[in-house]
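Throughout the sequence shown, residue numbering follows UniProt numbering, covering 1 to 382 in sequence.
Check the hints yourself; a few may be wrong.
Said to hold, decoys possible - If you anchor each label on the Cβ, the simulated ranges turn out as follows:
# : residue 1 : residue 2 : range
1 : Ala-122   : Val-34    : 47 to 53 Å
2 : Arg-337   : Leu-11    : 45 to 51 Å
3 : Gly-120   : Gly-90    : 44 to 50 Å
4 : Val-114   : Leu-299   : 31 to 37 Å
5 : Gly-90    : Ala-122   : 40 to 46 Å
6 : Leu-332   : Trp-302   : 29 to 35 Å
7 : Arg-335   : Leu-303   : 41 to 47 Å
8 : Leu-311   : Gln-26    : 58 to 64 Å
If you're looking for bench data, these hints aren't it; they were derived computationally from the structure. All C-beta atoms, glycine included, are put in the ideal place defined by N, C-alpha and C.
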Amino acid sequence: MSRKLTRLAPLVVLVVLAVLPFSTLQVPGLFDGVLNSPGTLQLLALCLLFGGVALSYDLLFGFTGLLSFGHALYFAAGTYVANLALTQLGWGLGAALALTTAVGVVLPLLVGGVALRVSGIAFSMVTLAIAQVGSIVVLRDPGGLTGGEEGLALDRSNVPDAFVGVLNTVNLYWLALAYLALVYVVVAWVTGSRAGRVWQAIRENERRVEVLGLRPYPFKLVVFALAGLLAALGGVVHLLLLGGSTPRTTTADFTLGLLVMVVLGGAGSRWGAVLGGVLYTYLDSRLTDLASSAAVQDLPAWLRVPLSEPLFLLGSLFVLVVFFVPGGIAGLVARLRERRAGRRPGAPAGGATPPPGRVVEQLRETASRGVGVGAGGPRDGV
Numbered sequence: 001m002s003r004k005l006t007r008l009a010p011l012v013v014l015v016v017l018a019v020l021p022f023s024t025l026q027v028p029g030l031f032d033g034v035l036n037s038p039g040t041l042q043l044l045a046l047c048l049l050f051g052g053v054a055l056s057y058d059l060l061f062g063f064t065g066l067l068s069f070g071h072a073l074y075f076a077a078g079t080y081v082a083n084l085a086l087t088q089l090g091w092g093l094g095a096a097l098a099l100t101t102a103v104g105v106v107l108p109l110l111v112g113g114v115a116l117r118v119s120g121i122a123f124s125m126v127t128l129a130i131a132q133v134g135s136i137v138v139l140r141d142p143g144g145l146t147g148g149e150e151g152l153a154l155d156r157s158n159v160p161d162a163f164v165g166v167l168n169t170v171n172l173y174w175l176a177l178a179y180l181a182l183v184y185v186v187v188a189w190v191t192g193s194r195a196g197r198v199w200q201a202i203r204e205n206e207r208r209v210e211v212l213g214l215r216p217y218p219f220k221l222v223v224f225a226l227a228g229l230l231a232a233l234g235g236v237v238h239l240l241l242l243g244g245s246t247p248r249t250t251t252a253d254f255t256l257g258l259l260v261m262v263v264l265g266g267a268g269s270r271w272g273a274v275l276g277g278v279l280y281t282y283l284d285s286r287l288t289d290l291a292s293s294a295a296v297q298d299l300p301a302w303l304r305v306p307l308s309e310p311l312f313l314l315g316s317l318f319v320l321v322v323f324f325v326p327g328g329i330a331g332l333v334a335r336l337r338e339r340r341a342g343r344r345p346g347a348p349a350g351g352a353t354p355p356p357g358r359v360v361e362q363l364r365e366t367a368s369r370g371v372g373v374g375a376g377g378p379r380d381g382v
């Protein structure tokens with residue numbers, strides 16, 4: 001019964017979130033207006049969007065063990081490519097989405113083709129360097145295409161009317177929810193496949209994967225491209241939500257924010273990464289409002305200065321989570337479940353990856369079936 005409830009939980013949450021815009025409930029202290037007000041729906045849409053983007057990064061970091069500092073590059077590519085297609089080329093949203101999808105596949109394949117030739121800290125530094133090149137290009141505004149530091153405003157004349165105007169904020173909310181649902185389904189599917197088990201084994205011990213006769217490189221390249229594509233699609237949703245592209249999405253700080261989201265929620269946990277993205281985005285927005293409030297400005301300087309810096313507070317939260325809740329929110333929930341059920345710590349919980357021993361056992365089964373052996377790529381389950 002408990003397993004059935006666990007499997008139904010995402011569907012129940014999806015239904016609740018889908019009908020939320022019909023609610024006129026007011027939650028003082030959490031939101032400024034009623035739940036279906038445009039301002040609240042805008043904030044909730046951003047939370048859902050970054051829940052999905054955080055999950056795309058968790059696919060790379062939490063499930064495969066690849067610490068990339070360049071994930072922002074693909075998100076930024078999504079928002080800028082779609083914006084240029086809509087604003088400069090005059091294309092419709094469907095054509096812009098198709099172009100973004102193509103770029104969202106090709107770009108991470110090119111970057112991953114180079115970066116994945118090395119591992120560990122070298123891999124992280126290569127992704128950071130390539131992402132910084134992208135950020136510099138955007139800021140230099142070649143040919144007046146990116147808008148430089150000012151960003152690039154979206155020409156909404158080619159955007160469907162359903163996504164234009166304050167009265168249609170609810171449609172943008174549903175779009176963000178649909179994006180989150182898409183990412184969740186894709187990640188759940190691929191991580192449960194044979195290729196997904198190889199990714200988890202790579203995270204635990206890449207050498208052992210090689211000993212079992214599998215080549216890690218093509219598997220890593222596939223997950224790198226898939227995570228980049230999901231991030232690029234999130235960039236399109238971000239473009240429609242904010243009505244423009246901003247160079248902030250190209251910076252390493254943006255990727256570090258995604259890392260904090262995943263660690264906060266729990267790396268290697270689908271619902272944990274989503275919750276971390278939602279919570280971080282909400283706190284980032286509300287702490288900014290708190291910093292400019294009269295209550296904070298009237299405090300003594302030794303309190304006012306740190307409380308006026310949302311990044312300081314979020315960074316402090318990150319440090320506390322790393323030290324006192326090492327598995328993030330998902331890890332904390334799993335430990336509480338284990339104590340309640342009388343299981344030994346480390347037993348697999350719903351939504352989390354299996355322990356290393358089980359991963360290796362599954363990998364032996366995968367290798368014996370010949371998945372990804374020979375021509376050098378994952379051919380089954382992706």
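Worksheet item: Taking each numbered hint in turn, which are not upheld by the structure, reported in ascending numerical order?
Response: 2, 4, 7 and 8
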